[in-house]
Every structure is written in structure tokens, then in C-alpha cells.
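Residue-level listing of the chains:
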Amino acid sequence: MATKASRSAARIMMAPAVILLLGWMLVPLIMTVWFSFRVYLPMRGGDQGWAGFDNYTRFVTSSAFWPSVQTTLIIVLGVLAITVIFGILIALLLDQPIWGQGVVRILVIAPFFVMPTVSALVWKNMFMDPVNGLFSHVSRFFGADPISWLSDASLPSIIMIVSWQWLPFATLILLTAVQSLDSEQLEASEMDGAPWAKRFWYIILPHLGRAITIVILIQTIFLLAIFAEIFVTTGGAFGTRTLSYLIFQRVLESQNIGLGSAGGVYAIILANIIAIFLMRIVGKNLD
Amino acid sequence: MSLKSTLRAATALTLITAGSAFADAHSATITIATVNNGDMIRMQGYTDTFTEQTGIAVEWVTLEENVLRQRVTTDITTNGGQFDIMTIGMYETPIWGANDWLVPLNDLSAEYDVDDILPAMRGGLSHDGTLYAAPFYGESSMVMYRTDLMEAAGLEMPTAPTWQFIREAAAAMDDPANEVNGICLRGKAGWGEGGAFITVTGNSFGARWFDEEWNAQFDQPEWADALNFYVNLMNDYGPEGYATNGFNENLSLFNQGKCGMWIDATVAASFVTGDDSTVADSVGFALAPNAEGVEKRANWLWAWALAIPAGTQQEAEAKQFIEWATSKDYIELVAANEGWANVPPGARASLYETPEYLEVPFAQMTLDSINAADPTNPTVDPVPYVGIQFVAIPEFAGMATEVSQEFSAAYAGQQTVEEALAKAQAITNEVMEAAGYR
Numbered sequence: 001m002a003t004k005a006s007r008s009a010a011r012i013m014m015a016p017a018v019i020l021l022l023g024w025m026l027v028p029l030i031m032t033v034w035f036s037f038r039v040y041l042p043m044r045g046g047d048q049g050w051a052g053f054d055n056y057t058r059f060v061t062s063s064a065f066w067p068s069v070q071t072t073l074i075i076v077l078g079v080l081a082i083t084v085i086f087g088i089l090i091a092l093l094l095d096q097p098i099w100g101q102g103v104v105r106i107l108v109i110a111p112f113f114v115m116p117t118v119s120a121l122v123w124k125n126m127f128m129d130p131v132n133g134l135f136s137h138v139s140r141f142f143g144a145d146p147i148s149w150l151s152d153a154s155l156p157s158i159i160m161i162v163s164w165q166w167l168p169f170a171t172l173i174l175l176t177a178v179q180s181l182d183s184e185q186l187e188a189s190e191m192d193g194a195p196w197a198k199r200f201w202y203i204i205l206p207h208l209g210r211a212i213t214i215v216i217l218i219q220t221i222f223l224l225a226i227f228a229e230i231f232v233t234t235g236g237a238f239g240t241r242t243l244s245y246l247i248f249q250r251v252l253e254s255q256n257i258g259l260g261s262a263g264g265v266y267a268i269i270l271a272n273i274i275a276i277f278l279m280r281i282v283g284k285n286l287d
Numbered sequence: 288m289s290l291k292s293t294l295r296a297a298t299a300l301t302l303i304t305a306g307s308a309f310a311d312a313h314s315a316t317i318t319i320a321t322v323n324n325g326d327m328i329r330m331q332g333y334t335d336t337f338t339e340q341t342g343i344a345v346e347w348v349t350l351e352e353n354v355l356r357q358r359v360t361t362d363i364t365t366n367g368g369q370f371d372i373m374t375i376g377m378y379e380t381p382i383w384g385a386n387d388w389l390v391p392l393n394d395l396s397a398e399y400d401v402d403d404i405l406p407a408m409r410g411g412l413s414h415d416g417t418l419y420a421a422p423f424y425g426e427s428s429m430v431m432y433r434t435d436l437m438e439a440a441g442l443e444m445p446t447a448p449t450w451q452f453i454r455e456a457a458a459a460m461d462d463p464a465n466e467v468n469g470i471c472l473r474g475k476a477g478w479g480e481g482g483a484f485i486t487v488t489g490n491s492f493g494a495r496w497f498d499e500e501w502n503a504q505f506d507q508p509e510w511a512d513a514l515n516f517y518v519n520l521m522n523d524y525g526p527e528g529y530a531t532n533g534f535n536e537n538l539s540l541f542n543q544g545k546c547g548m549w550i551d552a553t554v555a556a557s558f559v560t561g562d563d564s565t566v567a568d569s570v571g572f573a574l575a576p577n578a579e580g581v582e583k584r585a586n587w588l589w590a591w592a593l594a595i596p597a598g599t600q601q602e603a604e605a606k607q608f609i610e611w612a613t614s615k616d617y618i619e620l621v622a623a624n625e626g627w628a629n630v631p632p633g634a635r636a637s638l639y640e641t642p643e644y645l646e647v648p649f650a651q652m653t654l655d656s657i658n659a660a661d662p663t664n665p666t667v668d669p670v671p672y673v674g675i676q677f678v679a680i681p682e683f684a685g686m687a688t689e690v691s692q693e694f695s696a697a698y699a700g701q702q703t704v705e706e707a708l709a710k711a712q713a714i715t716n717e718v719m720e721a722a723g724y725r
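Chains U and F are the protein sequences, given in the same order.
The opening position of the first sequence corresponds to residue 1 in this note's numbering, with each subsequent residue numbered one higher.
The opening position of the second sequence corresponds to residue 288 in this note's numbering, with each subsequent residue numbered one higher.
Hints are computed from structural coordinates only; laboratory data are not their basis.
Computed from a predicted model, the values in this text were never measured in an experiment.
Glycine is no exception: its CB is placed at the ideal position from the N, C-alpha and C atoms.
One or more of the hints may lead you astray.
To be verified - Label pairs and their in silico Cβ distance ranges:
1) U/A275 - F/Q340: 57 to 63 Å
2) F/A315 - U/R11: 47 to 53 Å
3) F/E706 - U/F113: 39 to 45 Å
4) F/E706 - U/L278: 33 to 39 Å
5) F/T336 - U/W66: 37 to 43 Å
6) U/P156 - F/S637: 53 to 59 Å
Just need the whole structure built from these sequences, with the hints factored in.
This is the structure:
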């Protein structure tokens, strides 16, 4: 049992780590907020003084803001839908006793270990290139015109690339959940004559509820900040500019630190709203 | 102090001095950021020669054009100090020079012969008469075309074609069954990629970015003419997915024999006639086109140049490298090893007085194209800016990248030309108002 002395000793020992972590988080955050109120243009001589809320109004009133929020949400929802649905299907498949199960599992998980930039480059150059890509060769083989994936179907392409990367994560979490399902329950329902669809709907899916919410929560947090895949494939063109990409453009391409920082603050607010919203759902689910 | 401790101290001191001298001898490593264009890749191949001559080691950071620009711009504005030499162009140099971010190159050696650099290049890489970057190569743009396909089509390319002729020729050479596109042009978003090309195309239709009061001009009929012409031309005779093609993508297509024509940087000439090209024997050259009745042609002026960021610890070594890489000797070194066609073009006047070089098929056309470009009067109507395929103000890079993204979306058929131009007009005016121009 912890005594008063051991508790305070623990506090003292933990303090450096806590302070370091807080500093790690707070310093950039405070700097972002500070810069968002400044006219900071490195190309025009640097910090040029107080801006008030100008950066904030300019960021939201710019013609690029709402489309970028919309794009972000489409990508997040698209990837979530694909990874959850296919994640469940693959998890159920992998749960079946098949020959070479171990190898198949490793293959399914492999994409998760590929760096986002690398996978985006591979998809862009080897698969989606309209002249030399694999997909274009397949299209031509069947006598169809090749699709210019990254320009004609830019958002679906990005969703596809990102889903490919996140599917293993979803599969892994969902597989663990599937395996924890009590097989007697399923056998009993089978003996009672419940068809497969009903067993899935009334037994398996509710059992997976918790895992699905965890997948949704973690993926959403990461997907809101998606950047590398867009940078490598379309550079934000063809309606693929997300909120984080817009902030990057404002800060790095337009060299407007103040405006970009205001965008950063908006992104933090948006991410927190979504996170709180999701936490509530998860909280309910985890009761 | 006893003898023993004196000896010890002396030994220690000797070791420290020797150690630091040793470190000095090996610490001369310069880091160079450069673009992944063929001439720079070639230069990297000769790095050992430079290191042997000077003892200075070189580390390369080679990046795609758009990425390079972001990296070096971030590094210079944040005083990051990652690079001792940066490869930059005519857009960045005067702006950065004015901000004192670059080391002035006003004390280069006599044998370097700075006066030999072509006046257009020297002017574009200076601020207030001071040179801030040395051109590695200079370029304009021109038409490169397949002589065999032109002949088969029964056409003859004039030295100075019009856009109307280019369209006619593209129609005649287009052969989808054999995977030959009539024409390949840049559509990739990015101010220095598709943005540069559509800007000079605009110039050649009588369009301009701004009027003399810095009002955006994308709502003018000349822009609609230029963009409509371009989109129709490429939709009819261009390659699949041209909206994502830049310089290197088109170079690869042309070299694979998949383009009847390609209008791009003059510096591409040595690659389309080089070993990597499957069509090297049948490439012809012509001046960049103009629309009928418009005096300005679609030719730009650019130099990829080497500059030293202020604050580098290796200024002397960096200068030594720049002198070496942009010297007459380097040109001769490449010529001796790989032939005159492969030397970096467009930077030095003496190159165009070398008889061997003038025999290279594209030498004269390159020089004529460079001489035809006038950065101070880039458009038919007067403009308040300097620069042909860019506007030399700090706000341009960000703004033009967004504008070119709207254009690329139009090339991909995601929006109409009118929508793209309306968005371009809004973006440009938004930025110019925020920056206090209007």
C-alpha cells in the first residue's frame, strides 16, 4: 500500500517525464497560437507585427477552406467504410482453418509496414500511371481505354491507396475480436437452425462492436492529418486538397506562417470536436 | 610543474591539435541540393573529379523540381543551414539576393571569366547588378518534333510555327493505334511545371497575369482563348492523363517514341537526341509557337543556377565548387567524355563560338530561343512585373501553384475552362489584396 512518502516520491520521480511531455506538446501549440495572431511573412522580411483575428477570418473566408474540409471528411469516411467492411470480411476469412494460415496472415498485414510515401510512389508509378502502369495495361488488354486514375478519379484513388495501408490494422484488431468469440454460442445457434447471415448479424457483429469503435477512433485520429499520400500523388490538385494540405500550402508554398498557423488552430479545434464526439460513442460502447 | 606533467600536457596538446587538424582535413564536405534533371545527374557523376582536384567531398540531395523548391525555400527562410549550395532559378535568385540570403558572387576568379556568361542569364541571376547565382545551364523553350512522322504526314515544320500549324501537325501525326500521340505538353500542377507552360502559352495568345495596376487578368478573352486552345489540343491529340505530366514524364514519353511533338525546355534537346532516346535520329527543332497575329512566342527564359546560402560554414569550398561546375573547363570535361551535344547549354557565350558545338543540331535553335526571350517585356500588353513564365514577386510561387492546380483540374475534365479561370481570378486577386498590391 502506498504511503504518503512513497506517493510523493513517485510524483517527484515522474515529474521530469511529465514536464518533458507537456513541454513537447505545449511549446509547439503555444507557438502556433502566437504565430496565428502575427503577420509573419518570411519572404517579406519576417514578423511584421500584430494581425488580430485577420488570419483567422482570411483562412475561413478563402475560397479553398470549405472544399478542403469536405475533402478531408470524404477521405476519412471513405477509408473508414472500406477498412471496416473489408476488415471484417478478411478477419472472418482468416479465422477459418486454412492451409498456410500463418503466411497468409503475414501477407495481409504486410502493407502496414510500408512507409506511406513509398506505398504512394509505388501506387502512383507502378499501378496508376495511365501510360506505363499495370492498371492501364490491364485496361488495354481488355480493349478498354486506360483510366487516368490520379487525375480523373483522384479522390477514389487516394482513398484506395490509404485504405490499402490501413486495412491490415483494421483486420488485425478485428481478427483478435473474432477469435475471442465463444464458439459454443455459434454452434448452439447453428444447431437451432439459424442461417449464416443471421448468426453474423445477431452474434458476430455485436461481438465486434467494441473492436470496430476502436478501429474507427484510432484511424480517424490518424486520417484527419493525412498528408504524405496526397503530397506524393497529386500534390493537392484535382480536388484532393485536405485541410492539412491547405495548411501546408499556406505555410510552405505561400510562405505565410501567420495564415497557416491560424489554419493549424482550426485543425486542432476540428480534430478535438471529432475526438470528443468519438470518445463519447466509444465510452458508451465500452461500458 | 614537474617535467612529467609538462610532458603530459604537451602530449595532450599535440594530440588535440593534430586531432583538430585531422578533423579539418576531412571536414570539408559540402552538401548540395539539386533537381533530378539529366544535366545535374551527369554533374554528380563527375563529383569524384572535383574531389580529387580539391580534396573537398560532396554530398548530394537530389529532388524532384517541386519538392526541391519547397525544401530549399524552407531552408533559406528558416535559416536552416542544411545546404552549402542550392540549385535555384531566375525566380528565386533576385528575391533572395535582395533579402541578403545569398552570398554575392562578385569575387569569382579571373580565369572563371564571369563576363562570358550570357547577358540574359547574368541579368536574371542578379539583384542590383550583383550576381547571386552562377548558371549551370540556361534554357528557353522550343518545339521538338519527329522528322520521320512529319515526313510521313507530308508536312514541313517551319522555323517559326504558329499554334494553328502545331494543331494541324498534331492531328496529322496522332496515331493512337500505334501509341503515338500528336503532341505531349506539360499539365502537372506546380508553378514551375504546368504553370510555367500555360503562362507562356498565355503570353503567346496575348494574355498576361496582371495589368499595370496589378489586377488579375484571367477574366480577359485572351486567357479563355489560350486555355481553350490548349485543352482542346491536348484532349484531341495529347497522351492519357496529361494533367499529371511534367518535364520528366514528357521526356520519357518522347524518348519512348510516344509523342509526335513536344514543346518544352531547350535543355531537353540533348536527351531526346541522346542514348536513352529511341527516336534520337529523327528529331527536329523549331522556335516555340505563337498564335496568329500575336508577336510574342511561347518561349521562356530560365537558368538552373548554383547559389550559396548566407551563413554557410563552407563558403570558400562552396565557391570553389560553383566555379568548377559552371566553368569552361567543366564544359570541356563533359565534351571530352560524352561529346559536345551533352554539355550544359545556354549559360556561356563562348560555347556558342565553339565550332564543334555549333555543329550540334540544336545549338543554334537554343541560342535563338534564348535570345528571343525578353523578361522585361514578356507580354503583348505592358505589365508591372519582370519574368516570362513567372512573376518575380515573393507571393507568386504559392499563388501560381494554386492557379495551376485549378488549370490541371480543367485538363482532367473535373471542371470547365471557365470555372478554372474564374477560380484563378479569385485566388490571384485574394492574394494580391492580402499582400497590399491593390
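For each hint, the structure was consulted:
1. U/A275 - F/Q340: 57 to 63 Å: holds, 59 Å
2. F/A315 - U/R11: 47 to 53 Å: holds, 51 Å
3. F/E706 - U/F113: 39 to 45 Å: Roughly 42 Å apart at Cβ, these two residues keep to the hinted range, so it holds.
4. F/E706 - U/L278: 33 to 39 Å: holds, 36 Å
5. F/T336 - U/W66: 37 to 43 Å: Since the Cβ atoms of F/T336 and U/W66 sit about 56 Å apart, the hinted range of 37 to 43 Å is violated.
6. U/P156 - F/S637: 53 to 59 Å: holds, 55 Å
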